[in-house]
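J.: Top to bottom, those sequences are chains A and B.
Residues in the first sequence are numbered consecutively from 1, following the numbering used here.
Residues in the second sequence are numbered consecutively from 1, following the numbering used here.
Source of the hints: derived by calculation from the structure; they are not laboratory data.
Computed far set for chain B versus chain A, every beta-carbon distance over 12 Å: (1) Arg3; (2) Arg11; (3) Gln66; (4) Asp131; (5) Ala142; (6) His157; (7) Ile211; (8) Lys360; (9) Ala373.
If the Cβ cut is set under 10 Å, some of the chain B residues that face chain A in the computed set are: (10) Gly185; (11) Met189; (12) Gly193; (13) Trp195; (14) Leu199; (15) Gly200; (16) Leu201; (17) Gly269; (18) Tyr270; (19) Tyr311; (20) Glu314; (21) Phe317.
Quick list of the computed label-pair ranges, beta carbon to beta carbon: (22) Pro321/B to Ala27/A: 43 to 51 Å; (23) Ala231/A to Ala111/B: 47 to 55 Å; (24) Asp389/B to Ala27/A: 49 to 57 Å; (25) Ala231/A to His403/B: 35 to 43 Å; (26) Arg204/A to Glu187/B: 26 to 34 Å.
Only a predicted model underlies this, so the values are computations on that prediction, with no experimental measurement involved.
Just so it is clear, CB atoms sit at the ideal spot from N, CA and C, and this is done for glycine as well.
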Amino acid sequence: MIWTRKDLLGISALSAEEIVFILDTAAEFKDVGKRRLKKVPSLRGKTLINFFVEASTRTRTSFELAAVRLSADVVNITATTSSLAKGESLKDTAKNLEALAADLIVLRHSAAGAPQFLAERLEAGVINAGDGSHEHPTQGLLDVFTVRERLGRIEGLKVGIVGDIRFSRVARSNIWALTKLGAEVILIGPPTLVPREFERAGARISHRLDDVLPELDVVNLLRIQHERQKAGYFPGTGEYAALFGLNAARAARLKPGALVMHPGPIHRGVELDGSVADGPHSVILDQVTNGLAVRMAVLYLCASVALREEA
Amino acid sequence: MSRSLNIRGGRIIDPAAGRDESGDIFIADGIFVSSPVAGAQEIDARGLVVCPGFIDMHVHLREPGQGAKETIETGTKAAAAGGFTSVVAMPNTNPVADHPGIIAWMEERAARFGAVNVFTTGAITVGSQGDQLAPIGSMAQAGIVAVTDDGRCVQNHEVMRRAAEYCGLFGLPILDHCQDASMAGPEAMMHEGYWSTVLGLPGWPRMAEEIIVARNVLLSEATGTPIHCQHLSAAGSVRLLREAQARGVRLSGEVCPHHLTLTDEALAGYDTNFKMNPPVREQPDIEALLGGIADGTIGILATDHAPHAVYEKEVEFAAAPFGIVGLETAVGVFCEVLLHRRQVIELPRLVAMLTSNPAKLLKLDRGTLAPGAPGDVTLLDPQREWTVDREVFASKGRNTPFHGWKLRGRAVRTIVGGRAVWELAS
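Please take these sequences and the hints and turn them into a complete structure.
T.: The structure is reproduced here in structure tokens:
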């Protein structure tokens, strides 16, 4: 197929074919990472701006490293160093970045839809690195990449996503990616954090982890944030861990070969026990490694379209 | 100009007088009279509907303090271009209209710059903060026709109860933006449902409105003060209103064009021209609102005209202010939906919902063509086809969700006190 998007805003708009194309491209780039010389000249002379209006370490680092391995020039801008802190509008800031001839902008923003807002107004390609509770497409892609790499397929698998689904962009991108590729997605957590509306998106819902745990091929655990407790979504992390935490006793009931995943950062002892995070089911560090390859693929593909339009 | 007109040959619909017939209407020196006026300007209204001037009882004119969004001058010009001869200005200005001095300033500015009649409202509470009653009696003397904290909702039920009791002293209705703040938190941006879930935008549920409508049923019943529920959006609100009215409670409701035509799916592109408060909801809500119009539960049509500057709306969704303009599209949308597309009501009912019904609630000397009343007339062509173009709006606002819509039904001439203030270019 021919890739036609200058932007990656979310998984919901992608076809299954497009998702597979990104994964296949990422597999090729993963091989590059195993070489002694880890750099390819694909984006030489191109400028990528990592525009992170919301705090992030691992995603920003992963994008930066991905761009460097593609030989792009990278500039990092964070919320505190940008003019947004001085009251400049997102539109004006972005127009300024474009005036500096940025070819690609990787945007992390607290407002859902902010990457689309930029993409509609800029010639440059825009990659969503997480927008509010909307999507985190490269995380969704690296998760399915990891599952496919380990289990050889996506179709027919049962994937449980556990935790704060309501506010999670990772959950949304995973739901779209997995269901489009034919997996069954089971969302697990208290009713306050797992709204029924997700059934219309094609997911199954369960409020009892212990009931579904033995049938899962993959368990993806999401971070539980303390601010949700303050807002009344659940009474406390202790009770949460008792009901939904993946501890050693629960892990013992996993299928042999089942994968345990986490987008990080982990709250050890809350959603995931340390022994399980570091145990044989865990592919958490694979996710980090694969994130690099997936992001190289996304940057490479979107740049090829954004640059073609400029020509 | 003499402010005298002989309007001849139109279909006269005057719901206040139970009139629907072909005939002539006469205005002498700005007042309706019963016989032709010698030397008056002649207007040929054949093929048109001659209505009492339309009243929009929910308009944000943005003055004082927010002239970048709209002014009394531009807002009333937009009203005239939309067929409205009277607008009721909401008090959530800067400063909030919670004091007779601000009301007097508004009345004076409106007299100087208003293209149409402007009726003022005052805040229920000081600064619309919901705590302490505003000087409602003094504002009544200055000319307000109702009190409202629109844009906000008094959360303290005891304060609201005292406000309702106190308003009885002046015969003033309360207009309420029905919204429970704890269920529609500061982060809420749209209807809570499938689309808010997919888009990752915090939503607020129907219940946030319905709970306050239910509260208002109880408060109106207990105090006898009319409480009017503004811009209804949720199905359950209509049911609560219907049940209360059946018991004789003086509760009324209004509905806006967007809540009859749009659903939450419209927000899928994060277009801030679909961000309004209350939010557009789902098809069953539209059906319930249409049902409420059909059986008379909802008796008033209004716009919630809420202009914002382009730069304010052209931002990421979370940062955009709530609200859309409505004055220049409302009549077209109402005709399109209620008369043509769905045939919910007949034309006389539509006219009543824009004239005699709001006039009665607010005790205005308008909304009728009866001799002795001020000569406000809207000439309506319910079959006129046109396309919405926000670039030609008289309003400063361009924030409409209806840009490009093809509509059937439009006001073609707006007459205020015998003076034609707007006419559709032919």
